[in-house]
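Using the hints, build the complex out of the two chains.
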Amino acid sequence: MSGAPASSTISAADDAALVAQLRGQERGAFDRLYALHHARIWRFLLRLSGRRDEAEDLFQETWVQAARHAHRLELGSRLLPWLFTIARNQHRSARRFLLFDFRKRENLAVEPISGPSDPEALLLDLEEMRALEEALASLGDAHREVLLLAHVEGMASPDIAAVLSLSDEAVRKRLSRARTELRERIEAQAKRRPVAAAPDERVAGVAKLRDPA
Amino acid sequence: MSSPEPLADHALSQSLAGLPAPAIDGAFSARVLRKARGELRQPGEGTLSIRGLLFSWETALAPAVVLLAGAAYTVGAIIQLAAIYG
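Sequence order for the protein chains is R and B.
Here the first sequence is numbered in the working numbering, starting from 1 and rising by one per residue.
Here the second sequence is numbered in the working numbering, starting from 214 and rising by one per residue.
Be a bit skeptical, because a hint or two may be false.
What the hints assert, rightly or not - Examples of chain B residues lying across from chain R (beta carbon under 7 angstroms, computed): (1) ASP222; (2) LEU225; (3) ILE237; (4) VAL245; (5) THR287; (6) ILE291; (7) LEU294; (8) ALA295.
To be verified - Covered stretches of chain R, as calculated for chain B (at least 3 residues, CB under 8 angstroms): (9) 22 to 35; (10) 74 to 81; (11) 128 to 135; (12) 140 to 147; (13) 151 to 159.
Since the hints were derived computationally from the structure, they do not count as laboratory data.
Every residue gets a Cβ at the ideal spot worked out from N, C-alpha and C, and that includes glycine.
This is chain B alone, in the form it adopts within the complex (with noise of 0.2 angstroms):
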């Protein structure tokens, strides 16, 4: 803290800093590690977000369902056109 702290406050602060650390068990770690790695993205991994929705998909096939869904949309309005003039 950057204020001068009273004397009672420093002894409490060095007291809890003096608290032995509690060690974290090595195999523990390890598997923490790699379950987390498992969840970080890959480059060119994408990211679907519709934020007014509360909704967000994380996928590496981001790209593929986008397009997926631009196709389909062209194929239903030539579908429609066709209906109305063919």
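Here chain R stands alone, though its shape is the one from the complex (with noise of 0.2 angstroms):
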């Protein structure tokens, strides 16, 4: 993987330019948004409903809520707070929807994203990222979506604090929670596979969290 993409990476500048583009239904602007922002927005909403097949249905209408919606951007809006917004949104929609669905109900529980052969990605321990996907899967929505934001999309605390309609404090007071729980349900997994885990050198990551310093 190309490690966490900070969101400083798009400068306010550039920000600016395309929303002014967008704002004047400008030939090809919509393009560049996608081009530029597709590949975060399908990893977060991956990761978030845990299925690919609820990531595709999210994904292509969270473009389809912003190609409606581009036009109206405010003048300062930061735009990838804003699709993370609303790619939220469709995930919390699509939850409450299914709530109702007896038939889909089952389907809830999120499974493990394996990942593909990313090169880079063998590069990092086995062990870990399955005890890592498997305790990030198993955390609730609130916990999992802060997470991601922040560690694996890389974003700071007040754009993150946008996207999940908190305030700075309470985005921090989340984001530690998430990490504890994190921690634990990593350190109950080891716990139920203590052959694999325990003297395995290739576990020391995990268990470097399973220690708070």
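As structure tokens, this is what we get:
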């Protein structure tokens, strides 16, 4: 993976120019928006929903909504937080709807996403990665989304606050609780797999996570 | 995050950042973009909105709809006035 892309890689000036083009319904502006951000929105939705089929629906609806409302963007809008907000709202709506659909309710359980055969991924410790994936997938939506935004997407606290409609302070608290819960889940998993996990050097990374300094 | 993180948080952050990014299918991505493009508002396209009634309707025919509504109202008023004074 190319690491956590910082939300600052696209400057506020770039955002401002693109916002102006989208407001002016300039030809090609939406394509540029899509090219810049679609990979991150896809990754976020895939990990948030935990299911490829559901993520595909949410991804499509996210971009349809973005297209419908692009001309109404306010000057000074930050595009990535705006897109993450749409994506998150789509996910929340889908979850609410599914709660009333008894046929699909059993599918709410999140499955760990298996990554592609990314050469960089192979460098990572497979056991650690698997433990982390499972623990992340087992979290509730609120904790999973804040961890994804902060640590996978590398977003700054004010941007996360905008996406989640929370105060900066509330984001920090939620993030702290989410990290604690994630560590506890990883620890619980390691206890369930003592033979495979404990003596193996490959889980050294996870052991670090289990031991808050 | 702006505040310094404890060591364990830093390790956790690094591990999460190191998760591989599942790739999107190229054909699917192209389909999504095509569909989204179709939803873009075209220059000159209007919006009818009555916010208090939670009603919003986006259509390229918005100016025509407003004109028709105005014309119908005028014709109605003329008929009423004709009935009264005619």
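Comparing the hints with the structure gives:
For ASP222(B), the suggested interface contact is upheld, since its CB lies about 6 angstroms from the closest CB of chain R, less than 7 angstroms. With 7 angstroms as the threshold, the beta carbon of LEU225(B) comes within range of chain R, its nearest partner Cβ sitting at about 5 angstroms, so the hint holds. A distance limit of 7 angstroms between C-beta atoms decides the matter here; for ILE237(B) the minimum to chain R is near 4 angstroms, and the interface restraint holds. Checking VAL245(B) against chain R: minimum C-beta separation of about 5 angstroms stays under 7 angstroms; hint holds.
For THR287(B), the shortest C-beta to C-beta distance to chain R is roughly 31 angstroms, which exceeds 7 angstroms, and the interface hint is violated. Because the beta carbon of ILE291(B) sits about 38 angstroms from the nearest beta carbon in chain R, more than 7 angstroms, this interface hint is broken. Interface hint status for LEU294(B): violated, as the beta-carbon distance to the closest one in chain R is roughly 41 angstroms, over 7 angstroms. Because the smallest distance between the Cβ of ALA295(B) and any Cβ of chain R comes to about 44 angstroms, over 7 angstroms, the interface hint for this residue is violated.
Using a Cβ-Cβ cut-off of 8 angstroms, 4 residues of the segment 22 to 35 of chain R lie near chain B, which meets the minimum of three, so the contact claim holds. With 0 residues carrying a beta carbon less than 8 angstroms from a beta carbon of chain B, the segment 74 to 81 of chain R misses the three-residue requirement, and the given coverage is violated. Here the segment 128 to 135 of chain R counts 4 residues with a CB under 8 angstroms from a CB of chain B, which clears the bar of 3, and the coverage holds. Counting residues of the segment 140 to 147 of chain R whose beta carbon lies closer than 8 angstroms to any beta carbon of chain B gives 1, which falls below the threshold of three, so the coverage claim is violated.
Counting residues of the segment 151 to 159 of chain R whose C-beta sits closer than 8 angstroms to any C-beta of chain B gives 5, which meets the bar of three, so the coverage hint holds.
Checked against the numbered hints given earlier, the structure breaks hints 5, 6, 7, 8, 10 and 12 and satisfies all the rest.
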